[in-house]
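So the protein lines, in turn, are chains A and B.
Per this note's numbering, the first sequence runs over residues 1 to 382.
Per this note's numbering, the second sequence runs over residues 1 to 719.
Accuracy of the hints is not assured; some may be wrong.
Simulated pairs of lysine to aspartate or glutamate, DMTMM-like, Cα-Cα distance not exceeding 20 Å [to be verified]: (1) LYS44/A to GLU596/B; (2) LYS601/B to ASP80/A; (3) LYS601/B to GLU75/A; (4) LYS42/A to ASP592/B; (5) LYS42/A to GLU596/B; (6) LYS601/B to GLU45/A.
No lab work stands behind these hints, which were simulated from the structure alone.
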Amino acid sequence: MAKKTTEQGGGRGPTERMKERDVATQKKILALAEDIAQRSLKGKEPIVEIPTRTKSNTLWNKKKGILEMGDATAERPLFDLKTAKQFMQTMLHASTIKDLIEAQKTSSLRGVFYKAKHTVAGTKENTFDTQDESDPILEDLEVALGALREELHVFAENRGSMVGNITIVDKGDEIDCRRMGSGGYALPSIVEPDIIQFKKCEAKFVLHVEKGTVWNRFNEDRFWEKNNCILTHGAGQPPRGCRRLLQRLNQELKLPIICVLDNDPWGHYIYSVIKQGSISLAFESSRLAIPDAKFLGIRAKDFRECGLDDAVKIDLTDNDIKRAKEIAAYPWFEAHRGWQKEINALLTNGFKMEVESLITKDISYVTETYVPERLKARDWLE
Amino acid sequence: MESAVKERSSQGGTKRRGATAEEMSARQKEVSVSEFFVKNRHLLGFDNARKALLTTVKEAVDNSLDACEEAGIMPDIAVIIEDLEPKRPATAKQSRYRVTIVDNGPGIVRKQVENIFGRLLYGSKFHRLKMSRGQQGIGISAAGMNGLITTGRPMLIYTKPNAKQPAHHIELAMNTKTNRAEVTLDKETKDFPPERLRGLSAGTKQLSQEGVFLSPEVFATGTSVSIELEGKYQKGRGSVDEFLELTAIANPHARIVFVPPSRVAQEEVDDLLPGTSAAAAEDGKSKVSKSDAPAQTTETGGVTVFPRGVTELPPETKEIQPHPKGIELGILLQMLKDYEASEKGSLYDFLQTRFCRVSANTASKFCSAIGATSRTRAGDIEPQQVEKLFKVFEDEKLAPPPTDCLAPIGVRQLLAGLLKGVKAEFYAASTREAAVYRGRPFQIEAAIAFGGDLPGDQAARVIRFANRVPLLFQQSACSSFKAVEETPWKNYAMQQPRGSLPIGPLVVMIHMASVWVPFTSESKEAIADYDEIRKEMRLALMECGRKLGTYLRKRQKMRREGERRDVFERYIGEIAKALNAITGEDAKRIYDALLEQARRKTAVADQQLDEDGKVVKDDEEDDFGEGVIVVESAIAPIESAAPIAPPVFDAPKAKESKPSKSATAAKPAKAAKPEPAPKPAAKGAPAIVTKKDLSSRAETEPKPAPKKKSFSDDDPRLF
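Starting from the given sequences, assemble the full structure and let the hints guide the process.
Encoded structure:
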C-alpha cells in the first residue's frame, strides 16, 4: 500500500479549526438552554428533544453497509416523574460542557461526572449517584446537540494499544510505533485528524485482536515486523477511539482491517460493531464503521481443522445460544450465507473457543502458523 | 340394727367425723345478701385497693348521672378524692382515702336515704326495663359497705331534695347481717354543697371563685356522698382518671370536675388515652360546634375540668314492658303469679298489659292457642298451658320491641365527646338502628378517632361503653372487643394482623345502649357475647371504617401529590442554576416560573390519576358522609424524602456570560434571600415544604446515596 504522510486541514492550522468548532458547539448549547429558559419563563413545559438511541430507531443502510440512526426523537419533559431527574442531569451536563469549552480544557467522562455531581440543594439526594448515570446523559447530549464527544471536550479513558510499521503525530509529538516496547502505544479516546496525524506508514494491513493478552503474544513474537502490519487491540469491545483510529487507517491509508476474535457470540458481536457500528452509537457510524473489516478467526471449524484438544471447549450457556440466534438475525448477517453457516456451526458445536485455545498446540502456533496460513489462504469471513 | 352397730364398731371404734343432720341444721341459716357480698366483694369490683377506689367513684358517678338525667337536670358532678394519710411512708402499698361525689341532681327524700345507701339490692332500676346506668341496686351501697369494712367509717351523706329547704346531713353504716342501714347522725344543715370542699386546695378555691366548682347556684338541689376506704390512687389504665375521661366522652352533656388526691402511688404511671392532653386546649376546626370552640379538658391547680360538649340532655327514655320473645319460662310463671296476686285479672288482659307488642288480636290468638278463653283468669292457667304459651310466644311473628326506650349518645355528641378527649385528626361516628336480642331492644354506636397525636405503631385502643358507662376491665371477654377484631380493617387502609386489633393511630369507641345490658358479671365489666349484639357492633364499626378508608385514601392521594411535587421542586433549583450559567437568564426568575408550573402540574396530575389510572373527581371533604370531623391542624406533615428549601441564587449574572466577579459581589438583597416556603396552592394539600438551613447542604457528604430513589408514584406505604 501507498506510503502516506498526512497533513490535513489545508491552509488553516488545527487550533483555528478547533476554535471555530468550539464556537459552533457553544452556539448549540446556548440555543438548547435558551429554548428551555424561554419556555420556562413563558409558562410552557420545558422539554429536551433527544434522538432515541434504541434498536427501533436504528436503520440498516445496506448501500453503505453501516447502521444509522433514524429520525425518531424522544421528549424528555421536566414535569414527568420518569424523566424529571434526567432532565435536570441533562441541564447540569450542558452547563458543565459549556464551562469546559469556555476554559479550553478537556475532561474525562469521570471528570464530567464528578464536576456535575453534588447534593441537590436542600436535600440529601445527589445529582448523580454513579458514573453509569452520567455517561448516557453525555451521549444524549451528543445526539441532542448533534456534536461529537470531542467537540464537547469530553474523552474516555485510554483503552487499547497499537504497535506496527507506522509513525504518527499525536498533538505534535512524533510517535514511532515500531519502538513501543512491550506495552505499545495506548490508544486515546480522541483520535481526530487535528490530534493525530499519520506520518509514515509501511504496514500493509491491520491485525486487530480482541484483548491485551493475545496482543502481547503477537507483539512478543514481533508478528507485525515479520508480516509488515499494524497490531491493535481494543480490550474487548473496542471503544470509540480504537474504532475511529481503525477506520481512519482503513479509509485514509487504505489498510485492510483483519480481526482475530474469540469463537463465541461476543466475538461475533465485536466484529459486528467494528464492521457496521453499534446501536447506541449509530449516530456516529459514519465515523466509526468499517464495512470491509474481515473476520479471520477463531472459526468454528478450527477445533477440527487445527486438531485442538477437548480441554479448550467451553460449553455454550443458554444466554450464549440466545445471543447467537439474535446475532444471526441481524440484517447484515442474515443475508450473509457464510455467516449463517458460521453461527450455525458454533451452535452445532455446542461450545465456544477463545483465541488462547490455540496455545494448546504450541505457544506461538497462533502467530507463526495459524494467522499467516489463513492470511495466505485469504480464509476469512467478510 | 345389730349389724349396723357391728359395722360401726368394726370401723375401729373411732367417733364418726361428720356431723349429724341435727348438728348441721343448727348451723344452717339464711345468708343475707350483704354477708354474701362482704365475702365476695370481688364480684362487685372491689378486688384490690386500686380497683376499690375506682369502683367507688364509678358507682357514685353512675348514680349521679342517672339521677340528674331522670330529673331533667344538666349534670354537674364533682369528684373529690382526699388522701387521709398524706404522711404515710413512700413504701406504703395503699392509703386511706375519702371519696366524695357531689351532684346537682334532684336529691333524695329523707326516708329513702337508708334504703338507697344502706341496703344492697335496693333500687329503682332492677324491676323495670329502662335504659339506665345502674341496673341492680348494688352499686353505691356496696361501695359504702366496702368502706365500712376497710375503715370502719360510716358513709357521710348530704342530700337536698328541695331548693328552699335545708339539706339533710346523715351518717350511716350498713349492718351486714340484716342488710339494713344504721344511722349514726341525722341532722339538717344549710351547708350544701359543703363549704369545706371548696377550700380544699388552691385549685378548688380558684375554680369556686370562677363559679365552676360546687357553686351554690348550680347545686340548688343535689346529693353529696362521702365514703372512706382503703384504696390506692394511681394513674394509667383502669384508673379513676381514665374512667372520668371516658365518662366525659360518653356523656358530653355532663360537666365533671375532678379533684385528685395530693399524692399518686409511684408505680405504673403510664399514659392515659394516648393523645389526650389536658393542658392543650388547641382549637381544631370542627363541624360540631362552629359557634363556640369545642370544649376541651382543662386543668387548673391540679383540678381537672371536663367541660360540657353539648348543651342538651339526652332524650328521656321510656320504660317498656318485656317483649314475649325475650321472656324465659320461669319468669313467665313468676309474672303470672305476680299478676294474680295484684290484679286477679284475665290472661287476656295480662298478655296485653304486661308485655309490649301484644295487641288485643294477638292476645286472643295466644289464649285460644293454649285452650283458654279471653275470660280465663291468669291464675287458673295450668303449668302445661304456661309451657305451651311460652312455645307460642317463640313461634309467633311479633313486631320488635319499641325503641323509644333507648337513648343513644348520637353521632354529634359522640364526635363532640371524642373531640374533647382524644387529640386526633380524623373522627367518624355512626349510630345503628335499634335491634333486639332476647326480646330486649338495644342500639349500638361506634366512633373512631384516627391520627393526630395517637401512637402509630401500637394496636388500636378500644374504649367500650354500656349505657354511657365506660367499661375498663376484661376487655378481651367483651363482645365489643371481639367485634373490633372481626371488622375487616384492611379494607379501610389499616394494618390488621389476622384476627386481632388493627395497628395504627386509632381509637375505637363502642357504645351499647339497652334497657338491659347483658354483663358477664355483677361488676359490669364486659358485655356478654350475643351474636345479635356482636353483629350490630361490627356493622357500626364498618360504617365508621368505610369513612376512615375514604379519608385515608384521600390522604394517600394527597401524599402522592406531595411526593410528585417534591420530586419536581427538588430539581428545579438545579435546573435554574444550570440555565443561568449557560444563558445568563436570571436564575430566580426561572426558578419561580418553574415552581409555579410544578404546582400547577401536580394539582392537575392528581385530579386525573387514580390508583387505577382512572379519572377521578376531586372529592370534597363533605364526601365522607355525615358524622365525620377532620381536624386539619392535627394532620402530621407528610414525611417527604427530604425537605426542600428554596435554593439561594447568586445575583443575576449579566446576560454576557463573562465571569465578572464584581457583579457577584454586589448581591441585591432580594435575590439573595430565599423566599419563605410558599404555601401549597391546592386547598387541603399538606404542607410539605419545610424551611431548612441551607448550610445543611454542606454537611451532606457528596457520596452516592445508599439507596436508589424510586420515582414511581405508587408507593404502597401509607405513612
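Against the structure, the hints:
no.: 1; hint: LYS44/A to GLU596/B; result: holds, 11 Å
no.: 2; hint: LYS601/B to ASP80/A; result: holds, 9 Å
no.: 3; hint: LYS601/B to GLU75/A; result: holds, 17 Å
no.: 4; hint: LYS42/A to ASP592/B; result: holds, 11 Å
no.: 5; hint: LYS42/A to GLU596/B; result: holds, 11 Å
no.: 6; hint: LYS601/B to GLU45/A; result: holds, 10 Å
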